Amino acid sequence: MLSIFAQVYIPHIQWLPLIPHVVMAGAAVVLLTIVSVAGRWLPRWFPAAWTVAAGLAVLATAIPVWIRAWQEGPHSVVAGSIGVDGFSVFIIVLLACTVVLTALVADGFLHRESLDGPAFYVLLMLSATGGITMASANNLIVLFLGLEILSLAVYVLVAMHLRRAESQEAGIKYFVLGAFASAFLLYGIALVYGATGSLNLIGIEGALRTNDLSDNGLLLAGMAMLLVGFGFKVAAVPFHAWTPDVYQGAPSPVVSYMAAGVKAAGFAALLRVFFAGFGGVADDWQPVIFGLAVASLAVGSLMAIVQTDVKRILAYSSISHAGFILVGVQAATHDGVASVLFYLAAYAAMAIGSFAVVTVVSGPGDEGTALDNLRGLASRRPLLAAGFTVPLLSQAGIPFTAGFWAKFEVITAAVDARSFWLAVIAMLAAVVAAFLYLRIVVAMFLDAPDPDATSLSIPRGPAVAITIVVLFTLAFGIYPEPLLNLADDAWLNLRLRAH
Amino acid sequence: MVTASWYLILAAALFTIGAVGLLVRRNPLIMFMCVELMLNAVNLTFVTFGRELGDIGGQVSVFFVLVVAAAEVVVGLAIVVAINRRRPQATADDLSALRG
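Residue numbers (the numbering used here), protein chains in the order written: chain A, 1 to 499; chain B, 1 to 100.
Quick caveat, the hints were computed from the structure, so don't treat them as lab data.
All values reported here derive from a predicted model rather than from experimental measurement.
Just to be clear, a hint being listed does not mean it is correct.
What the hints assert, rightly or not - Take a look, some chain B residues computed to stay more than 10 Å from chain A by CB distance: (1) M1; (2) V2; (3) F64.
Said to hold, decoys possible - Quick look at which bits of chain B chain A covers, simulated, 3 or more residues with Cβ under 8 Å: (4) 12 to 19; (5) 78 to 86.
Ideal Cβ placement from N, Cα and C applies to all residues, glycine included.
Input sequences plus hints: build the corresponding full structure.
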């Protein structure tokens, strides 16, 4: 026994790559302290403004980490458990932007629903901290901790609308199924540890390179259980059952964060573990990803057609987007990873834009989310309808929007990886899915408005968020090179090297 | 002779009991207990592998899992309390406002 304990050592901690984590978590704790001590003297908008500032600060701290990753090449710090590479920096930037935009969307919403206070923003930032940790974890236990920090905060956010029974129902459903999926993920980690003898992705990758474990039962069972856990987080079929209910019941700004942030963090962890860690046995997991992608594309696109609630339509569309992103994951090539990162960025913008409009339209009580509530929106609020149309067309993959390039890149990656059938299925699903987005657009522009409809007030926060999203979607739709190059460089750094 | 595989099989059995229990039981508290059972089955797996491999990582992981399990129950119970204030004695079947 003594020999085991003799191996324990305290790792040298390099703080620079950890600054984004520390700033995000620290901003949450400091905000909670400030508001509980001096809350009554602070203006109502203070927590939202603080969160936006914290998100921008994280963006600023990501720059030196990016430079470090470029100068020294991809490496790991803190005993190899935190990866410093362009991939993690890309996701950190994406999550920081998501936090900023979600805080803008939430500001007016929380006031309208009399839910003012720091709770939403504190949980949002803590959850993003977990997402950042997941995206940069090179150690499976660190990854699990990040996933739980991300999830626990989101369980509370989903259930936080205390006067809506639907919100609490969504909360308990998400919690029970989330805990179930986390237990599977953890069991998967334990089995992979047993098969490879390491919890570290670098160690796992090395074990797979030196030994032929491609038909090792423990490893296969472990990978399958890890896929269950990640599949749940990113809402891939058949682990999607919670998605429509939770998206419909949760407060609308929370859904915008779940669709953009939680999905991005989940895919980042999935890619890091499977592409970087299990890259040596890609032949084992690619067929499973293929199946998940096809099922998600089919179920997401087809089920969305029969829904009558906008949040449920967007929930099923988020499932079909998970299918498209899995098409990029299935390629298991550098182009595939770059296409996934581009897709995540483009989808984060579309999702936040769409749910920001839903937040505004749903009205007091967050109840008016039926498709009928959108009828004739163009004649009541033309700019809002236009602000919804751009993210919807982007989700449909219409040219001159970022969503077109996102779909184009994942399908190109699939074709280059010789997954022709998957590419064909993805294109067919894109055609079917386009119908449901056009259905919302038609309802907004061609149908007559409900004469009893109350007037809509558009708070400043969501207006700013929608404007940013529209500009982002159109700018990178017309000129996608900068973002494509960024995603491509981020891949270059995913290769692991112990430091 | 009790070998490592006995512990692994016991852990797999406990994990299965927890998973099946979570799916068939309708009381939220029992469902949380099933999640705990699943997590503790994983702990047993970690400890067994850690001992087999002579690696401290497996045993250290258990501490993290214990902390996460405690935090998870805190959040879960808070949600159950919030629901029970509105509707006492609610089971999972009563929560069916969301469907489509």
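Status of each hint after checking the structure:
1. M1: holds (20 Å)
2. V2: holds (17 Å)
3. F64: violated (6 Å)
4. 12 to 19: Coverage by chain A holds for the segment 12 to 19 of chain B (3 residues, Cβ < 8 Å).
5. 78 to 86: holds (count 6)
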